[in-house]
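Undergrad: Given only the sequences and the hints, what does the whole structure look like? Please build it.
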Amino acid sequence: MSAGKWIGGIIGWITAGPLGALAGVALGAMFDKGLDSVNTPENSGTRGSGAFGDSYGTTRQYSADEQRSGFMFSLLVLASYVMKADGKVMHSEMQLVREFLRQNFGSVAQSQGEQILLRLFDEQKRQGQFVFKNTVADCCHQIASFMDYAQRLQLVNFLVLISQADGSVDPMEVSAIRECGTWLGLSLQDIDSLFNLKGDSLDEAYKVLGVSPDATDDEVRKAYRRLALEHHPDRVATLGDDVRKAAEKKLQEINAAKEKVFKARGI
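The opening residue of the sequence shown carries number 2 in our numbering; numbering runs sequentially from there.
Honestly, the hints are just simulated from the structure, not real lab data. As the structure is a prediction and not an experimental result, all values here were calculated from the model. Cβ atoms here follow ideal geometry from the backbone N, Cα and C, with glycine treated the same way. Honestly, I wouldn't trust all of these hints.
[What the hints assert, rightly or not] Between beta-carbon pairs, the in silico distance windows are:
#	residue 1	residue 2	range
1	220	119	40 to 50 angstroms
2	266	88	41 to 51 angstroms
3	126	170	15 to 25 angstroms
[What the hints assert, rightly or not] Keeping only pairs whose Cα atoms sit at most 27 angstroms apart, straight-line, the calculated DSSO-like set for lysine-lysine is:
#	residue 1	residue 2
4	199	126
5	223	250
6	208	246
7	89	134
8	261	208
9	208	223
10	259	223
11	250	264
12	246	261
13	208	259
14	264	208
15	246	199
16	246	259
17	199	259
18	199	85
19	264	223
20	261	223
21	261	199
22	208	250
TA: Structural data, given as structure tokens:
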């Protein structure tokens with residue numbers, strides 16, 4: 002997908018609501034001729050009627066390009082909030098985002114996506130932490146209306162990966178990710194499961210499955226089946242190869258946690 006179509010797809014996907022407002026802020030400074038320069042019939046972006054329908058709150062079917070563009074801009078918005086939660090942006094965090102942009106959208110889009118992220122940092126500074134937090138919460142509510150549960154899980158999974166990029170996760174970043182996940186309509190159990198995927202202990206394996214060591218075998222099996230269904234890579238296949246690969250890795254880690262728990266229980 003060309004960079005112009007990628008940018009246009011963002012506008013097409015988020016014309017209405019708080020995401021559209023942030024898109025205008027983030028993209029406006031990047032184009033001398035404004036948003037209409039990338040908003041053409043060819044890339045499906047329109048300023049008059051949103052990709053969500055005629056007004057915020059209605060829906061339609063999205064093309065694969067629009068789904069990928071919407072997912073990526075949503076990730077940039079939420080990442081801008083999480084990455085600044087501890088008061089500093091690490092090079093390793095930026096590098097993870099750059100690489101993801103490059104692999105999914107190309108080198109030109111990588112540069113533009115990085116500029117969008119920097120503009121979002123500026124907007125956070127301009128609005129102030131409290132106002133920007135409310136803006137992000139509103140964005141999450143909008144995302145939750147038009148992105149299915151599996152895609153929202155993968156969105157939060159990438160936020161966790163970004164927070165882990167420097168080898169440690171600041172408690173403020175954990176809090177910000179939990180906020181975003183809750184605003185997206187995810188359960189705290191599912192959010193906390195994502196933080197324990199890389200763990201090796203039996204206790205962490207139970208946390209991945211979202212059950213306590215006191216759970217029955219049937220409850221453990223049921224929890225695993227639910228997770229395997231929610232995190233199946235096919236459910237995010239339209240979002241691009243890297244998203245699917247991340248989902249595949251996540252499912253492998255869930256399976257590893259299941260095997261550890263099953264072995265300990267002799268089932």
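Undergrad: Hint by hint, say whether it matches the structure.
TA: Hint-by-hint comparison with the structure:
1. Under the hint 40 to 50 angstroms, the C-beta atoms of residue 220 and residue 119, about 46 angstroms apart, fit the expected range.
2. Against the hinted window of 41 to 51 angstroms, the Cβ-Cβ separation of residue 266 and residue 88 comes to about 43 angstroms, which satisfies the hint.
3. Remark: the range hint 15 to 25 angstroms for residue 126 to residue 170 is upheld by a beta-carbon distance near 23 angstroms.
4. The suggested pairing of residue 199 with residue 126 is violated, with an alpha-carbon distance near 33 angstroms, which exceeds 27 angstroms.
5. Proposed proximity of residue 223 and residue 250 is supported: the alpha carbons are some 21 angstroms apart, at most 27 angstroms.
6. For the suggested pair residue 208 and residue 246, the alpha carbons sit about 23 angstroms apart, so the restraint of at most 27 angstroms is met.
7. Straight-line distance between C-alpha atoms of residue 89 and residue 134 comes to about 16 angstroms, which keeps the hinted pair within the 27 angstroms bound.
8. Between residue 261 and residue 208 the CA atoms are separated by roughly 12 angstroms; this keeps the pair inside 27 angstroms, and the hint holds.
9. For a cut-off of 27 angstroms, the pair hint linking residue 208 to residue 223 stands: about 14 angstroms separates their Cα positions.
10. Distance hint between residue 259 and residue 223 is fulfilled; the C-alpha atoms sit about 11 angstroms from each other, no more than 27 angstroms.
11. For the suggested pair residue 250 and residue 264, the alpha carbons sit about 21 angstroms apart, so the restraint of at most 27 angstroms is met.
12. Note on residue 246 and residue 261: the hinted pairing holds, with a Cα-Cα distance of about 23 angstroms set against a maximum of 27 angstroms.
13. A threshold of 27 angstroms between alpha carbons decides the hint, and for residue 208 with residue 259 the separation of about 11 angstroms falls inside it, so the pair holds.
14. Between residue 264 and residue 208 the CA atoms are separated by roughly 16 angstroms; this keeps the pair inside 27 angstroms, and the hint holds.
15. Restraint check for residue 246 and residue 199: the C-alpha separation of about 16 angstroms stays at or below 27 angstroms, so the hint holds.
16. Taken as a hint, the residue 246 and residue 259 pair is honoured in the structure, with Cα atoms around 20 angstroms apart against an allowance of 27 angstroms.
17. For the suggested pair residue 199 and residue 259, the alpha carbons sit about 13 angstroms apart, so the restraint of at most 27 angstroms is met.
18. Using a Cα cut-off of 27 angstroms, the hinted pair residue 199 and residue 85 holds, with the two alpha carbons roughly 23 angstroms apart.
19. With a CA separation close to 16 angstroms, the supplied pair residue 264 and residue 223 stays within the 27 angstroms bound.
20. Between residue 261 and residue 223 the alpha-carbon distance is near 16 angstroms, which keeps this suggested pair within the 27 angstroms criterion.
21. Among the hinted pairs, residue 261 with residue 199 is consistent with the structure: their alpha-carbon atoms are about 13 angstroms apart, no more than 27 angstroms.
22. Restraint check for residue 208 and residue 250: the C-alpha separation of about 17 angstroms stays at or below 27 angstroms, so the hint holds.
Hint 4 alone, counting from the list given before, is not met by this structure.
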